[in-house]
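Q: Spelled out, the chains give:
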Amino acid sequence: MATACCWDCRGLLLSSYRAVLRSKEGCSLSNHPVVDAAGVEVVILFLFSHTQGVKKPYKEVIDICWGDAHSGGTKPLTFVRQVIAVCIYPELLQETTIAPDVKERARRLLRECPGGSVGKYCGIPFVQDGVCEFISKRDGGVPISPLHTGSPVQFVLKLLVHGKGLAQTGVLTPIPCYPTFVMGLTELGAAMVPYYLCEDDGWCLHVEELRRALATSRSHCNPRILYVINPGNPTGHVQSRESIEEVIRFAAEEELFIFADEVYQDMMYAEGSQFVSYKKVLFEMGPQYSNTVELASFHSVSKGIMGECGLRCGYVELVNLDPSVKQSVTSAFNTERNTAVIGQIALNIMVDPPKPGDPSYPTFSQVSLHTVEALPGTSFQAGSGGIYAYLRLDLPQKALLQAKEEGTDPDLMYCSRLLEEEGVCLVVGKEHGQQEGTYHIRICIGTTSTRLKEVLRRLKSFHLRFLNEFS
Amino acid sequence: QQCQPALWKMTENCFMHHRTKVLTIDTMNPNVKKVEYAVRGPIVQRAVQIEKELKAGAKKPFSEVIRANIGDAHAMGQRPITFFRQVLALCSYPELLEGNEFPEDAKERARRILQACGGGSIGAYSASQGIECVRQDVARYIQERDGGIPCNPDNIYLSTGASDAIVTILKLLVCGEGRNRTGVMIPIPQYPLYSAALADLGAVQIEYYLDEENCWSLDVSELRRALVAAQQHCSPRALCIINPGNPTGQVQSRQCIEDVIRFAAEEHLFLMADEVYQDNVYAEGCEFHSFKKVLFEMGPEYSDTVELVSFHSTSKCYMGECGFRGGYMEVINMDPDVKVQLTKLVSVRLCPPVPGQALLDVVVNPPRPGEPSFNTYIKERTSTLQVLAEKAWLTEEVFNTVPGITCNPVQGAMYSFPRISLPERAIQQAKEKGQAPDMFYCMKLLEETGICLVPGSGFGQREGTYHFRMTILPPTDKLKIVLEKVKQFHQSFTQQYS
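Chain order of the listed sequences is A and B. Just so we're aligned, residue 1 is where the first sequence starts under UniProt numbering, counting upward by one. Just so we're aligned, residue 1 is where the second sequence starts under UniProt numbering, counting upward by one.
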């Protein structure tokens, strides 16, 4: 069961934590979001040790928590940034160093902005058209009009979630799941209904487990939404077509609205693995499904090869929406207005990148993802996609007892020590939810190979010491 | 809970599973249904349709739709400030730092911002509260603006435009059931973000009327009347002020602000001061006074106790950069436990768009005298504000020559909100159509002239009065034509329905 994050000390200590860490010479920590990172409790301990001027065997803390490519050292794509720069400052159209396809794209986008400026309020229809085309090419089906927004998942959740007690909207949520989704549910007043992914089976989704979760939930809420993440976060598991079909059939039988979070669809690394979208599978299952099952598919510029998390832009495609709600959805969308135009430019490029033959095509390349080998005393259900490795720690009995004595969770104890001794900050499994008695850590592998190698080196060194100490 | 029986079970080959939709108008979140946002409501949707019809070659008595409905300066041709765009371009594509196209002061600011970003990129997540050095710069700006009154960067929260911050604070405030349900005082007329947010959150809307006869000023006795009436059915907890006003454009006097603060202190209300138009002040004798400054100048009895949040953004003033979604709020005297919750709440969306944060940084940290870009910057800024002031005056002047239209001075912001008198027959016809009379008027205006305005009913107004809101943003030449057309339309409309 995913636990609610412990908020009591975070806000108070976070600003002082940052100030102290920054002021320490020779020890830098790049800016990272103030979120529920399990790392926060960990870094609070770190803060205290640092204020005591303790010397560390490392110069730099490596924060490998976030699915943030640029923070992790990956360079932004030149084409994307050049187009954005030209759109912001059209005088650059005179620059000879900027490639013609960049200029052409920028001109096109600027033409679509009234006043020729990206300073206007959102909603560039041209971008929307591009997204339609992209979906159409990807899936070969009939595209519906996607809506671009800063927080697509929250936007659609808000349309559905309401009610209290037995009428409270329930959302079937995978365990493990990334923490901000669960926080979002709490904020909106939805009931989280956990369903466990099967670790021993490569983290795949078993429909019987969905059924079990659904059945138990009906006694305390009104389950209406089935949330799936494909490729998975943190698991990296990529669903097979058969699995997707099963889920769609289940949603149809049980009258559930499917939310398919597919933001990692471009990050596929295992040989022979393939991403197929929920929309495509739905349409290939014939009209009794494709005409009825309600589906929201999500994608974003934050992940994938662009990794532009800071631009805050994504889209949602709503399939089989009841005609009675279309007007309300449009109104709600018009009131939102929180998509920065720069984000939409990035979105446009994501769905319509440079093609072979374009001058910028050679530099518009795929991020290479590196795999993680299992260490002794850990097990690793390697995923085929996404940008995380989710390792299970097989902690010795002595370590579990030690944790109990310290009054903390075993995986949190592990991570605190890892941070102290090796300066590596990662996400504790507790933050994602896990089966009782299991412990995990999440590492972001969407980073430079040098950085990842260093992380793994330090992790291995720590891990072997840890096993030794508690053997 | 809606319960529709499944009529037939699904089998492999034959029967269709009779499935009801999960999301229907009846099962949707009822608060979402209640939300209306007039600025982009039905009249705008019709305007978009007309644009499409024109493009398809339809013949109309006009060749283009003029969108005088939304406060979007650049869409109406206002030029961006060169320096800001230079810094943003440099932040977006840092390789430009190596070249010679950009002045040193722009490069210096870009470098500073990038250093504060993860991996030196504006594409990385930032801290949820906003990039620290930006918050520090914002604090410094506020301190300078307010004559040295200290501003703590920890009280600054960057946001996605001001609207996002306003909604966040309202989320914290709204609670309770029935008679204990949170009531929020908002001005009438108001910017419909407030009514939309209150509907969305299921809060009680408490309306206080601005005084049209007195240039839309705020009267504390009216605040009191509204409060007392509201106490019967809800728990009033917050008071929202928009200064300079939207849609009314009034700029509050210092005395008025003091009175409001005193009222809030007496009645134990949380003050929300929407100050996004703070640089848009045009009228002689009018001056922007920040709520924070006045609060602190009233001494510790108030400055130590009154809870205040001030909002600002990069969307208005002389920048007009709505598309970047830059903004911030400053929280004063917020309970420390609540502040922790606020910090948590803003983290759910991870962070505000980083380009917006970068833009905000350079807005609060513009070129200083002596710096290479200063002259151009000050020239552009002065000119933009000057032109707006001229258009504000022009609008007031022209509208007041039309029998049946009265327009209060546009002291600030970006809109005129003239009052229109409508013939009885027109009002009747509107009612028959199920439309608000000023909506009926504006729809006709749109169909006949292509000018898109927002009816006063979208902002709230006293019963039996009618208004429309028109922006002062179209370029001067176009504005003159628009004013003339509205004048002619009003006269023919009045004649037609008399």
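Quick caveat, the hints were computed from the structure, so don't treat them as lab data. Be aware that a few hints might be false.
When the alpha-carbon atoms are kept at most 20 Å apart in a straight line, the in silico EDC-like pairs for lysine to aspartate or glutamate are as follows [as the list claims (entries may be wrong)]: (1) B/Lys21 - A/Glu253; (2) B/Lys55 - A/Asp322; (3) A/Lys326 - B/Asp105; (4) B/Lys34 - A/Glu336; (5) A/Lys355 - A/Glu133; (6) A/Lys103 - B/Glu484; (7) B/Lys171 - B/Glu213; (8) A/Lys326 - B/Asp26; (9) A/Lys103 - A/Glu91; (10) B/Lys379 - B/Glu95; (11) B/Lys21 - A/Asp322; (12) B/Lys52 - A/Asp129; (13) B/Lys107 - A/Glu95; (14) B/Lys107 - A/Glu91; (15) B/Lys52 - A/Glu112; (16) B/Lys55 - B/Glu484; (17) A/Lys75 - B/Asp105; (18) B/Lys33 - A/Glu242; (19) A/Lys103 - B/Glu101; (20) A/Lys164 - A/Glu187; (21) B/Lys379 - B/Glu448; (22) B/Lys60 - B/Glu484; (23) B/Lys480 - B/Glu424.
If you anchor each label on the Cβ, the simulated ranges turn out as follows [what the hints assert, rightly or not]: (24) A/Thr438 - B/Val228: 51 to 61 Å; (25) A/Pro359 - B/Ser63: 47 to 57 Å; (26) B/Arg179 - A/Gly165: 16 to 26 Å; (27) B/Gly404 - A/Pro114: 29 to 39 Å; (28) A/Gln94 - B/Leu97: 44 to 54 Å; (29) A/Met285 - B/Lys431: 30 to 40 Å; (30) A/Thr438 - B/Cys175: 29 to 39 Å; (31) A/Gln94 - B/Ile378: 48 to 58 Å.
Looking from chain A toward chain B, a few residues come up when the C-beta cut is under 7 Å (computed) [to be verified]: (32) Gly73; (33) Pro76; (34) Ala85; (35) Glu104; (36) Arg108; (37) Leu110; (38) Glu112; (39) Gly189; (40) Gly310.
Since the structure is predicted, the reported quantities are computational estimates derived from the model, not experimental observations. Just so it is clear, CB atoms sit at the ideal spot from N, CA and C, and this is done for glycine as well.
Q: To test your reading of the hints: which numbers does this structure violate?
A: 2, 3, 6, 7, 10, 16, 17, 18, 21, 23, 25, 28, 29, 31, 35, 36, 37, 38, 39
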